[in-house]
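Enquirer: Protein sequences appear in the order of chains A and B. Using full-length UniProt numbering, the letters of the first sequence correspond one by one to residues 1 to 386. Using full-length UniProt numbering, the letters of the second sequence correspond one by one to residues 1 to 658.
The hints are simulated quantities; they were obtained by calculation from the structure and are not laboratory data. If you're wondering where the values come from, they're calculated on a predicted model, not measured in any experiment. Treat the hints loosely; a few may be bogus.
Here are the simulated lysine-lysine pairs, DSSO-like style, with alpha carbons at most 30 Å apart [to be verified]:
#1 A:282 to B:621
#2 B:627 to A:178
#3 B:315 to B:330
#4 B:653 to B:519
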Amino acid sequence: IPRGLDEAVVRRCLAREAQTLIQLSQVQRWVHSVFFGGGTPSLASPLTIAAVLETVSQCARLAADAEVTLEANPTSAGASRLAGFRAAGVNRLSIGIQSVDDAELQLLGRDHTADEALRTLEEAKKLFPGRTSIDLIFGLPGQSVASWARGLERLLQLCDDHVSLYQLTLERGTSLFKLVQQGALPTPEQDMLAEMYEVARRMLQDAGFRQYEVSNFARNGALSTHNLSYWQGSQYIGIGPGAHGRFVPRGSGASLREARIQTLEPDNWMKEVLAWGHGTRKRVAQNPLDVLEEILALGLRTDVGIAHQHWLQFAPSLSLWDAFGASEEVKELEDQGLLLLDHRGLRCSWRGLAVLDSLLPTLLNQLQGGKGLSRHMQTTPSRQNP
Amino acid sequence: MLARGSLAAGAWAWLAGVAAAAQPLRRAQRCAAAPVRPYSSRSKEKLDMSVFPVENIRNFSIIAHVDHGKSTLADRLLEMTGTITKTEHNKQVLDKLQVERERGITVKAQTASVFYNYEGINYLLNLIDTPGHVDFNYEVSRSLSACQGVILVVDANEGVQAQTVANFYLAFEAQLAIIPVINKIDLKNADPERVEKQIEKLFDLPEDDCIRISAKLGTNVERVLQHVIKKIPPPSAHTSNPLKALVFDSTFDHYRGVIASIALFGGEVQKGDKIVFAHTRKTYEVNEVGILTPDEQPTHKLYAGQVGYLIAGMKEVAEAQIGDTLYSHKEPVEPLPGFKSAKPMVFAGMYPVAQSEYNNLKSAVEKLTLNDSSVTIHRDNSVALGAGWRLGFLGLLHMEVFNQRLEQEYNASVILTAPTVPYKAVLSSAKLIKAYGKEEIIIINPAEFPDKNSVSEYLEPTILGTVITPYEYMGKITTMCQARRAVQKDVMYIDEQRVMLKYLFPLNEVVVDFYDTLKSLSSGYASFDYEDAGYQAADLVKMDFHLNGNTVEELATVVHKDKAYAVGKAICERLKDAIPRQLFEIAIQAVIGKKIIARETLKAYRKDVLAKCYGGDISRKMKLLKKQAEGKKKMRKIGNVEVPKDAFITVLKRQSNK
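Just chain B, with the same shape it has in the complex (with noise of 0.2 Å):
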């Protein structure tokens, strides 16, 4: 589900520089976090769990926008209680992939259990890492509702931004305990005085509980830990009541399938007992159970209220859907709500550079995929672009990081088509109801949009926007969201510098280069967060590209009607540029129905012939010439224009610097 957004500004510049070498995935967390530890080394001793009584533990998050420190609170909680040594290196423990340590974010939710003696009692402490990020927002609520409370970070200097925001209202609509830390204090501007004043007005928490910390010096993070053993409850769970744990995470392992983070709100799990996933309705015997330390460490059993791992033969992360519940087959239970599949809310057409690497890039998705079940994929065919597939993402970044994981783990270049979203159509023809057996339908590939005279009314995904800016800069940023179509809903001034702005906005408007344009309209200093906010009704059209009165297929695109001239515009520009000239003039036209909307033209070629061909000239003329010859016969022919393959990437492709 794709609720929030919230993009790091380096994160996109990011994307233009080069990948570095692919690094395996699981080794990089080895050699960060592979030394001693007092109560974790991976022996093949298995712990005995049962020395944790419910009221002993507590299960928590941390979380924060990005770059406000999480991770590297979090290195000092591990350090701290002995889970990891502590050392130089310890720079972002938790955050596996190449691509998280590099863009400062989390993509992939990592668990940590550790324990620590607390006024004569050990306690065990387990931090749930969510997905510090955007489009993850599914697995960020699945992840707190895992815990009980939270730790709230927020930059000392930079104050509250739009993830705070979200990811405030996303613990405090799960209903759990709040610590707010300000972090960062150790910095020359920081300014912990007025950070607590935007917490206690935006969050109503007490400017007198929020800890001051420096998590990069250490400074009062055993103060942290404290209020985690003070302010959150253990959870509410007994052994004794029948099993049923929440799937939170799952990963795959080459050797041994997939593993899936759980959290036990009942009864007990070890190996050899038979559990059912309560979406699949599917059976298996559990190999191993453990506690992630944050490596797996097998115990001989998990107890209510515990989080951990499970292997239990699953093959495919699908088979471990997060959000799932699962329970023993001899007693089964009314599933945790929430869950929900995994729906892709930004589609994508992704195609191999060249048609030779289509296998390659086949294998380098397949094994991507299986790591993440949230990516949807269907193969698919362009005329110009060849054999591909188009990929569903749960959001932008979603995509982003998709893309960069197959360049730097799999040494895989694609050509990514400006991203679409899903519409819908509900349909009013007896005809067309019968024949998709459903009165809503969704349409994802133009091509199937259906026509004005059979459909009642059309429909476009909207998201509910959180921006928060200097005040300086809210009348480019207002004028800015007002022409994507944004509907303001509140503006709030959260302190003397900064006003936080909600908008409406249809998704699409928001999917091609908004955040890139927000954050040089605002020299970088506001921030972004989304929810989904539904479906609305939307004035959409199809608009298809002519080549001298021939429709080019691959171009064709819904639009919605005031941004229809624009749009057409924009594409009939490109593609002037794009194609080159030609024997004869060439009339490029953007049409709606039979309605030319935008129209440009290319004049045809007047000159084109070598000067000077003499002795000397002759060869190197001929073997241009067959080379010509050659590109012609792979040209696609609209009509009688020749349109060669880069003019389609040209126009296709996202437009990453505008």
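Next comes chain A alone, as it looks inside the complex (with noise of 0.2 Å):
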């Protein structure tokens, strides 16, 4: 939320667009998750927090045990606001502690030190044992892969059920890119990159974690529910400034999923919603092959991949053999050890989990030329969008 703006009429402006976009929805069926994240969200008010919780439950069936995620960084989490927070409905967080390295803190531009990371985290536990995540950062100009692998070791003692680890991206923009890209600081080599994934995927399948999706391990059966629904290819609701959406707009007559995007400047969000109950700025619709790319791409990310029963939730005409069972290449990338199809569904292995993204193409390709697309692109849109 930016400075400057009223948070009052921010949060009279999130109530109403959640209001406005669940009714165009028509969501039937219970509401699983709401995630709270992009941004600082723990700089709001636990009211705002609260506001939006009470707008959902208004408007649709929000489960009991409905996962509620806050996306918090340790500056602006002190024990006072989590409890706060955790007043106003929230079970679950998510500290961005990145590193536990305050050169490291510094060179990532964070404005918070090791000790408060490790503070904050231990407030968290306290407030919500068992779902409790950190986000943890690797790859950075200088890091060595024992470095790394040290400050990972020192966080497995004290972290709790669910930790998420990315590796950096350069952005555009920021000083960090301006000061790789002008030499002072050194490239990290690709190599010593995922030298450092792997490191950090087997510590911490021995500390007792399951790799549930790419960056995200969790123990004790803590996965995220909510993450989890982007994977599968659920349909979710995007609120506020920026958000992304993917639902069918069952209010306006519409049959086919839609990728929305509201808009991303905040006092442009504000007059629409203001004027209009939402500040959707783009909506796409999404034909059966598109929502069919995304349950593949997003799919594979996850440990279990895609299942023969769900994929054909999506498309009940085009088996995962018929899309990919017959093909040359999808069978020289099994070859290569780095996929599987067989009876449990289509997912990658250990070693095909890392390079994804080279994998996607040849399948994407695949599933365009497949036979037996356009049988699935003429059937009802209706069961694409369970």
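Take the two lone chains and join them into the complex the hints point to.
Expert: See below:
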């Protein structure tokens, strides 16, 4: 929530947009999860969180055990604020710790220290036991495999049951990008990044974590319901400036799923919500192939991959066998030990998961050019949106 | 015929620059040289050339190393004789092409007839401007054969350079009168005494014969004109003999067809005459004759000893080939000696950057070759680069000029592959000899390289190179030449500071980056020129490149056995950098026959997956993936290795900055 905006107005707008879009989607079943993320929602007042949750439960059926996650960063999440969020209905916390090395944190442009990060983690574990997640970044310029492993080792002693690992992507416009571009900092070697990822996967596995997605690890069943729904191709509504959604706007008589984006600039978004009840900037109808492509690209990010049953929910007349079973190129990927197509479904091997983006173009081309696609395109889309 | 090549230092560096707007050829000249001329305005009135008997005619050329002031001297001569008005703008009037003005070279010969009164006699002086460069030696030799003398211009500061030597010998061998001129005496560092000594030592021309001038300021230029009249003999030609004329240049005009520049060795010619070209045996009726001033100025007739132009309905420059002889269809004559068809010595593949531009490029190439029949064109198809052509050029500069004109005058951008030379093979296999219908074959495409077992000998083209350099760089240059398989033929100290080296080079060792290397080794001071030296036996091999055991056809190359490892390794390394890592390890190998001579390994990609993929990331990721999927369909597959087009371009393209 940008400075200078009246939070009360923002709050009303979030609630208003939630109401409009939930009604448009005509959600009939339960809402299983709510995720406050993007930017730093922990800067908002717990009142705002409560207001949005209130709206959701009024307009749809919000399950009593629904997962309600809040992204927090260590500087804006003191113990009392965390308690406030819990009181407002948040039951899962995702903390952007990133690193436990002050020099690295500085390099990343974070305004918290390692101590602050660890203190926040301690508090969070008390308030959200078993439901606290941490985000970590690897692949910083100058970082070695050993130093990364040491930091992770330390965090594994302290963390709760969920860890997300992200390789650093140098974003244009950041000072880090500039420093690397100018040669002041070294560009991390591809092979070293691969090694860091591999080492982390092994360490987490040894610590009892299941890698249920490319970047996400959980133990004791603490998977994030919300994030899992993205990778399984479930519908979701995005609320707030720049939010993305995927749902069928049945309220407007549509039967195709739409990819929707809300207006990015907060003040414009607010004006639009105040005028029309929502700030939807872009709507793209997804044809059955678009939906299937997402199911494929996202489903393979998970350890279980795409189960036959799951796929058939979206493509009743085009099984995974139909789509991929006869392909020489898919066979080649299987032979290389990167991909598996068997009685359970289609999924990546351990090695394959790390190079998924190189597998997907082949699979997407196969899906597009495969026999039976036209049959699938002709089927009614009503069943493609579980 | 590739014979001499001297490449201007600045010229190569220039190539990296961005092409300026194209400028129509003819207009460039009109703008610069349009002022009223006392003798030769473009009036409809035809001149009567019979007032110039042979004894009052002088035909001559100016020859010089690049930038020594040939074109400036020509400008002054034209001004002085009233051919063009003296203005600030007369800069290289005869250099009509944009590339010529920019690079300070002359690609296309231009001719100017001027009238000059000396001691009460009206003289007709024909200045035949030779292509001042390189690969155009054959044209130079034809231009010179229309002359009886030359002005040899040497820079008072730089002294004799490689091209000066080559030019001198051309004129000397043609038994022409030589007037040595030392130019730029106005420069602060001018040292005419030293240059006079060099000229005496190298060319055996007495010091006293040199005329010291400043073409820029006009100093002593009048004396040059007087020397032309006094020292150069008139042509020995008689109007009473049958018509015999040398074609020493031809240009193409969109409205009037081919305009041939001719020198009359006998007889006369006028509109309506039926003429025959000795080489093509084709007969034409003359539409127009005239002199070049330097614009076309029609005349009633042209007479023996004179130089001018002729238009006779030829539609392609190939119909009026340089060096050909024309005669009257009533009285055939023995053709003049020395005619050769243009023989390409450097080949390169040319492809449009995008296949959608193929037709535009095709029409640009066609238009350009209308004016330059020495470029040979064969359609070529590369699996990686698409449809294009294999073009043959007289030499490297010719290739550069052609490419540059395509870019500047036709706004076409092209991929030019690294140049190759024409090898030969002497066949031993009876079967192959029968198939080819001859024993000795030329190999242009490595795919046609015959196996060692059916060949008694491979041959490679050679050149005799002349390097003139300050003494201090001699060591480095000698080492570089030896590394390029050159054999030293001569070393001569031309004064206290400079040495002239002569080397026999395999041509292929010179076509890639030789000149740039020479210039950088000598801080720009060494000059280079070369002449054709025929073919020599060579241990040649065909080298293939394999990706995981599969041959990449478009990369096959013919190399000398001694160079195979270095070339193979360099290309393997370039491939390693150019091919993106894939899901498996890729062995990149240079292979001769079955023997692997160099190898690079491209390791498998171990991690390639987007870290964060949540709500907001999905649309962007899907868009990218679809684009990659599309790109994948277009990629060239060698076995299971995907090679993007860019990788081929990187490997095949001329490496300009080495």
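Enquirer: Going straight from one Cα to the other, do residue 653 of chain B and residue 519 of chain B come out at no more than 30 Å?
Expert: Distance of about 22 Å is within 30 Å: holds.
Enquirer: Can you confirm whether the C-alpha distance between residue 315 of chain B and residue 330 of chain B stays at or below 30 Å?
Expert: Given that 30 Å is the threshold and the Cα spacing comes to 23 Å, the pair holds.
Enquirer: Taking only the CA atoms, is the gap from residue 282 of chain A to residue 621 of chain B under or equal to 30 Å?
Expert: Within the cut-off at roughly 17 Å; holds.
Enquirer: Check the hint pairing residue 627 of chain B with residue 178 of chain A against an upper bound of 30 Å on the C-alpha distance.
Expert: holds, 27 Å
The structure is consistent with each of the numbered hints, conforming to all of them.
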